[in-house]
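Peer 1: The lines below spell out each chain.
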Amino acid sequence: MRASRDQALTGFRTDAASPGPLALLSEAIADIRSRRPLVRYLVEADMKRRGSDTLLGNFWWVMDPLLQMAVYVVLVTVISQRTIPDYPLFIFAAILPWKWFNAAVIDATVSLVEQDRLIKRISFPKIVLPLAATTAGVAGFTFGLIPLAGIMLLYADRISPFLLFIPLVAVVQYAFTLAVALLVSAGNVFFRDLGNTTRHLLRLWWYLSPGLYSLALLDESGIFRDLPVLRVLASANPFAVLFEAYRSIIYGSVDGPPGPPDLVSLAVLMTGSLLFLALAMMVFKRLEPNFAKVL
Amino acid sequence: MSDVAAVPLAAFDDAGQPDDFAMLVEDLGVRYDLRFNRKTPIRQSISAALTRQPTRQFWALRHVSLRLLHGESLAVIGPNGAGKSTLLQVLGGIIRPSEGRVEARGRVSGLLTLDIGFDRQLTGRENARLGCAFLGLEDSVTRQIMPGILEYAGLGEFIDAPLKTYSAGMRARLGFAIATSVDPDILLLDEVLATGDAVFRQKSKARVVELVRAAKAVVLVTHDMQWVTEYCNRAILIEKGAMIMEGDPQAVVELHRERTAEARARAEAKAVAAGADAKALVGR
Numbered sequence: 014m015r016a017s018r019d020q021a022l023t024g025f026r027t028d029a030a031s032p033g034p035l036a037l038l039s040e041a042i043a044d045i046r047s048r049r050p051l052v053r054y055l056v057e058a059d060m061k062r063r064g065s066d067t068l069l070g071n072f073w074w075v076m077d078p079l080l081q082m083a084v085y086v087v088l089v090t091v092i093s094q095r096t097i098p099d100y101p102l103f104i105f106a107a108i109l110p111w112k113w114f115n116a117a118v119i120d121a122t123v124s125l126v127e128q129d130r131l132i133k134r135i136s137f138p139k140i141v142l143p144l145a146a147t148t149a150g151v152a153g154f155t156f157g158l159i160p161l162a163g164i165m166l167l168y169a170d171r172i173s174p175f176l177l178f179i180p181l182v183a184v185v186q187y188a189f190t191l192a193v194a195l196l197v198s199a200g201n202v203f204f205r206d207l208g209n210t211t212r213h214l215l216r217l218w219w220y221l222s223p224g225l226y227s228l229a230l231l232d233e234s235g236i237f238r239d240l241p242v243l244r245v246l247a248s249a250n251p252f253a254v255l256f257e258a259y260r261s262i263i264y265g266s267v268d269g270p271p272g273p274p275d276l277v278s279l280a281v282l283m284t285g286s287l288l289f290l291a292l293a294m295m296v297f298k299r300l301e302p303n304f305a306k307v308l
Numbered sequence: 004m005s006d007v008a009a010v011p012l013a014a015f016d017d018a019g020q021p022d023d024f025a026m027l028v029e030d031l032g033v034r035y036d037l038r039f040n041r042k043t044p045i046r047q048s049i050s051a052a053l054t055r056q057p058t059r060q061f062w063a064l065r066h067v068s069l070r071l072l073h074g075e076s077l078a079v080i081g082p083n084g085a086g087k088s089t090l091l092q093v094l095g096g097i098i099r100p101s102e103g104r105v106e107a108r109g110r111v112s113g114l115l116t117l118d119i120g121f122d123r124q125l126t127g128r129e130n131a132r133l134g135c136a137f138l139g140l141e142d143s144v145t146r147q148i149m150p151g152i153l154e155y156a157g158l159g160e161f162i163d164a165p166l167k168t169y170s171a172g173m174r175a176r177l178g179f180a181i182a183t184s185v186d187p188d189i190l191l192l193d194e195v196l197a198t199g200d201a202v203f204r205q206k207s208k209a210r211v212v213e214l215v216r217a218a219k220a221v222v223l224v225t226h227d228m229q230w231v232t233e234y235c236n237r238a239i240l241i242e243k244g245a246m247i248m249e250g251d252p253q254a255v256v257e258l259h260r261e262r263t264a265e266a267r268a269r270a271e272a273k274a275v276a277a278g279a280d281a282k283a284l285v286g287r
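Heads up: the protein sequence lines correspond to chains V and L, in order.
Residue 21 in the working numbering sits at position 8 of the first sequence, and the numbers go up by one each step.
Residue 151 in the working numbering sits at position 148 of the second sequence, and the numbers go up by one each step.
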């Protein structure tokens, strides 16, 4: 009744020496490739868990970004008396990707610490845990496309074929998110304070990124006039690139219809994110042998 | 510490065929860095750095060498906190040695836990699937062995209820069923024989015996000395991270008993002395 012996008979060899950076990287990739089913189960489990506690279940995946949008619409249009045309769509294009990033990073932070018992007792590639946290966010993002479609119907003149660029921008975001997720999950094992810090840093990051506003609006307001270096910093923010790209294909601009995203800056961000991801994988694999001891 | 019996390090240097082993442990050492383990507030860390305190380190195991042959069943005994579980963690590839090396030939699987992959919101069936994936089983294998796991766990229709509705005994049954479903070449067991009610204990003991027979090599941590002498053909005694003795189970158990009795006598003497002091204090 037990497993037939159709799996490769593997052994292992360990000693105190740590492999070189490239060996660590290839180990990380092999870990991910060999444990894809596990990641899939973890993602499914995560989705089920989110849906099972509440009356509305997975309907919250749809409601959540809408309610958040409503809050910001009230905040910005009523309280600060700003008028940006079709503002609900304007911010929804940023809320949707941000919710994914935010949830992925917060979930990843605790992904290793939460499974301490497992890590201390079973040998498995720990990288699957933050990977699953990041990937589960893709599901939320995809569900979020439903309310997006609903809002788009209200602003039908902004519907364009450029919407087909969404998956491309999402891929860039995924690479960047995974890198951040790996680093915070491993870091939180050693410094639990990171969990507390991350939430606040994420909030700050959201307000500093052109989500509720656009870089063009900032240019108009003239706050960069005296300090051009701020303009450079603002556009170097990965979420400036991502938000501007999403907005360009979903909303367009304040006075114009949607258009293609800035492919050059997306390509730069993708290259940077992949390098960052490779670095994050190396760091993660370097720290991994200590997890069982520290947890 | 090692005055009682010299660890026969030489035993595996002249063991004839150097390649015929299931697991080889050479001069193994595991060091814990207490800097991260005991949560130190940053204030203390800074003052420690300023006053140049050496980083606090602790060797959970040191200079342990072992050679596990195919067909062997090795018992690891010793008092609490001796480093037995750490040894199993290293043998299972969970912890990397800080010193020395470990080599395993064949699939190593450990019953170091009975609650694998347990997620309280998921059903028993889903947990079983998740547990198998954590253990590294492929999908096709999992599908094949799932009926067996469910049957052994014997949870009836509860198998499709969320785990949070389970009793501790039901969780243990399911965990045991999952953990023993892997078919390893080298089996690591950590005190798994002492859980559950009498019926389950009987059943699990039978299952472990079956696994021990099927596996090519077994390493077992236990306090059940009867088990050691009955089912193991070799034993090692570990105390405070050092290997005190290796050899015939009967002899090792005997030594362990003596040393435990000595330690107890010492502790009692201390307690008596302390009691006398206390009396003296009261009398004053």
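Watch out, some of these pointers could steer you wrong.
Calculated Cβ distances over 10 Å to all of chain V for the following chain L residues [claimed, not checked]: (1) V93; (2) P100; (3) R104; (4) R108; (5) R132; (6) S170.
Derived pair list, reagent style DSSO-like, types lysine-lysine, alpha-carbon separation capped at 27 Å [what the hints assert, rightly or not]: (7) K133(V) - K273(L); (8) K206(L) - K243(L); (9) K206(L) - K219(L); (10) K61(V) - K133(V); (11) K167(L) - K133(V); (12) K167(L) - K219(L); (13) K61(V) - K112(V); (14) K133(V) - K208(L); (15) K208(L) - K219(L); (16) K243(L) - K133(V); (17) K61(V) - K208(L).
Keep in mind that the hints were calculated from the coordinates and are not lab data.
Here the structure is a predicted model, which is why all the values come from computation and not from measurement.
Cβ coordinates follow ideal geometry from the N, Cα and C atoms, glycine included.
Peer 1: Failing hints, ascending?
Peer 2: Checked against the structure, the hints that fail are numbers 1, 2, 3, 4, 5, 7, 8, 12 and 17, while the rest are satisfied.
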